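S.K.: Chain by chain, the residues run as shown.
Number of protein chains: 2
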Amino acid sequence: MIKILIDCFGGDHCPEAPVSGALAALKANPDLYLILTGDESLLRKELEGKAYDTGRLEIVHAPEVIGCDEKPTDVVRLKRNSSMMKAIILLRDRDDIAAMVSTGSTGALVTGALVRLGRIPGVIRPAFCPILPTMDGGIVGICDSGANVEVTSAHLRQFAIMASLYMENVYGVRNPRTALLNVGKEAEKGDDIRRETYGLLQETESVNFVGNMESRDLLSGKYDVVVADGFSGNVLVKTTEGTALELLKKIKKDIYSRTLYKMGALLMSRMFKEEKEFMNYQNYGGSVLLGTSKVVVKGHGSSKAVAVEKCIEQAYKMEVSRLSGKIETEIAKYEHYDV
Amino acid sequence: MIKILIDCFGGDHCPEAPVSGALAALKANPDLYLILTGDESLLRKELEGKAYDTGRLEIVHAPEVIGCDEKPTDVVRLKRNSSMMKAIILLRDRDDIAAMVSTGSTGALVTGALVRLGRIPGVIRPAFCPILPTMDGGIVGICDSGANVEVTSAHLRQFAIMASLYMENVYGVRNPRTALLNVGKEAEKGDDIRRETYGLLQETESVNFVGNMESRDLLSGKYDVVVADGFSGNVLVKTTEGTALELLKKIKKDIYSRTLYKMGALLMSRMFKEEKEFMNYQNYGGSVLLGTSKVVVKGHGSSKAVAVEKCIEQAYKMEVSRLSGKIETEIAKYEHYDV
Chain A
0 MIKILIDCFG
10 GDHCPEAPVS
20 GALAALKANP
30 DLYLILTGDE
40 SLLRKELEGK
50 AYDTGRLEIV
60 HAPEVIGCDE
70 KPTDVVRLKR
80 NSSMMKAIIL
90 LRDRDDIAAM
100 VSTGSTGALV
110 TGALVRLGRI
120 PGVIRPAFCP
130 ILPTMDGGIV
140 GICDSGANVE
150 VTSAHLRQFA
160 IMASLYMENV
170 YGVRNPRTAL
180 LNVGKEAEKG
190 DDIRRETYGL
200 LQETESVNFV
210 GNMESRDLLS
220 GKYDVVVADG
230 FSGNVLVKTT
240 EGTALELLKK
250 IKKDIYSRTL
260 YKMGALLMSR
270 MFKEEKEFMN
280 YQNYGGSVLL
290 GTSKVVVKGH
300 GSSKAVAVEK
310 CIEQAYKMEV
320 SRLSGKIETE
330 IAKYEHYDV
Chain B
0 MIKILIDCFG
10 GDHCPEAPVS
20 GALAALKANP
30 DLYLILTGDE
40 SLLRKELEGK
50 AYDTGRLEIV
60 HAPEVIGCDE
70 KPTDVVRLKR
80 NSSMMKAIIL
90 LRDRDDIAAM
100 VSTGSTGALV
110 TGALVRLGRI
120 PGVIRPAFCP
130 ILPTMDGGIV
140 GICDSGANVE
150 VTSAHLRQFA
160 IMASLYMENV
170 YGVRNPRTAL
180 LNVGKEAEKG
190 DDIRRETYGL
200 LQETESVNFV
210 GNMESRDLLS
220 GKYDVVVADG
230 FSGNVLVKTT
240 EGTALELLKK
250 IKKDIYSRTL
260 YKMGALLMSR
270 MFKEEKEFMN
280 YQNYGGSVLL
290 GTSKVVVKGH
300 GSSKAVAVEK
310 CIEQAYKMEV
320 SRLSGKIETE
330 IAKYEHYDV
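Residue numbers (the numbering used here), protein chains in the order written: chain A, 0 to 338; chain B, 0 to 338.
It is worth saying that the hints were derived from the structure and are not from the lab. Worth double-checking, as some hints may not be accurate.
Copies of the same chain look alike in the list, so a pair counts if it fits in one copy or across any two.
What the hints assert, rightly or not - When the alpha-carbon atoms are kept at most 25 Å apart in a straight line, the in silico BS3-like pairs for lysine-lysine are as follows:
| hint | residue 1 | residue 2 |
| --- | --- | --- |
| 1 | K261 | K316 |
| 2 | K249 | K261 |
| 3 | K2 | K325 |
| 4 | K251 | K261 |
| 5 | K272 | K252 |
Here the structure is a predicted model, which means the values were calculated and not measured.
Chain A on its own, in the form it takes in the complex (with noise of 0.2 Å):
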């Protein structure tokens, strides 16, 4: 039996979608047990009326609640008794537990796993690796994309042995095309960490490193994992999933600009409709924290129950696969290097 706990405040549908989520990952896997957290008499209440298996499903009582401008670090300090912080402690805690499930608070999430779960041996700092699809029909894993503003080096390269050991592991990627994110393909662009971590990358076995990658090829398909600080690849991320939408609302408000482009937008109804899924985050999943001593899944603010499934999906893969140990051993041959 895999056991995961599932944060069910904190996001934009909460609490319908991650007990839906839950709901759905406990028929889909025979061998999952599913702990929630949060207000109990809210989520009997959610759970009511709905058939599901009682001997794999648990309610933890939390009935704290995380505002938006809260701080982390108070988050972590003050709020023991909210969704969040009890499955991080519940996490921390008990041997039998492998992983969870938030879509709250980023911040509050990084900083209480960091502070309270603690790292992989010899991970110096975790880091997230959300997936995007590629045009060919593949996805690429993006790490960091926020966990980490400022890195050296070192840091990189143990995003790239993380992520490409998840990447493997999780999504059956064999031997994966990992690039460095730079402004320019040559080895010597950049700044110095970049041109550090090149000549590191190029030494590293455990990594399939593929060279520099602009960032205007994210989609092409060629790269598998994609290394970068937690700014640039904040931006990387957050760019394309907000050029995506902001492009196709602006073709849906085109074609209801004339007669003629509607008639030939229902004729391609199926196809923009597949376009709208293809670019929804919401089929990928959420975007795994690394390097962390036990498994911890970010799902999207604005996940519905699909998402949380997929959520829910990851921690199962990761804690199968076993995940955070061939990590520690991949990591344990650089470890000199550790800074």
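Once you have looked at the hints, place chain B on chain A.
M.R.: Leaving out everything else, chain B in the frame of chain A:
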């Protein structure tokens, strides 16, 4: 008469694109005088049979060619007879020449401009400011987008001042809404440089600072100027261009997958053409280099005639509006802070 140099070699469509762009600009602006640099015989051949005002067009012979892999510092030192370096040196030496336009190597152009032209008094670092279209039909300028991969908060403040003046003087944007690219909206987000810059911009009266911008909102139309370090600004601009291009390419491919879609697309062909034109950076001119002692405009390497014409127009407007003098005046107000 406004005299502008056109570097006619180095881009993908040379010398046709620069020459045709130059002739179109000459025709449109009666007080424009253009000096083409490059291999004279090739330029004469390109001009053959074309009608233009010979009294306002001059050729300066510069036969050397810059290779793709040449180091910028080598180009500046050794390729004085290349079309680009010749233009930079003429721009420096001749008081009657106001500006130059190039579609050649970005690295060589930045290095050459910094070493040979120098800066507007008070400016610490010149920076690129390309323009992107927003979804509400407006435009947004991003400064810097690649000239400085490492920056301080003093640099970023100057980028904000220069780009605001540019948007106001060249594009007529009144009191440009200026934002700082960051990983979140809150003032305390990002690294120390971002937090310092936030404070500085709040007390900079020359800038209408509206706070942090998340990259997701770049095309929303809520911002006129976005300030960034050259690394993340480069990621911001290239990711936007790349995502739009890849998405339109995917839609085109999907249309050809079914007859029904092809029929629909036929009714919408004009709309699709407009979307493509909308996202075509050729239509928005080049990336101007703000802060050099004379005006330098960098066109995309793939620029066609229309893009080169737009670049010339930008250079012309920058000169006519006396942008450099205005930058000097505003920058001087905060000089006590300079590093």
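S.K.: Would you pick out the hints that fail for this structure and give their numbers low to high?
M.R.: Number 1 only.
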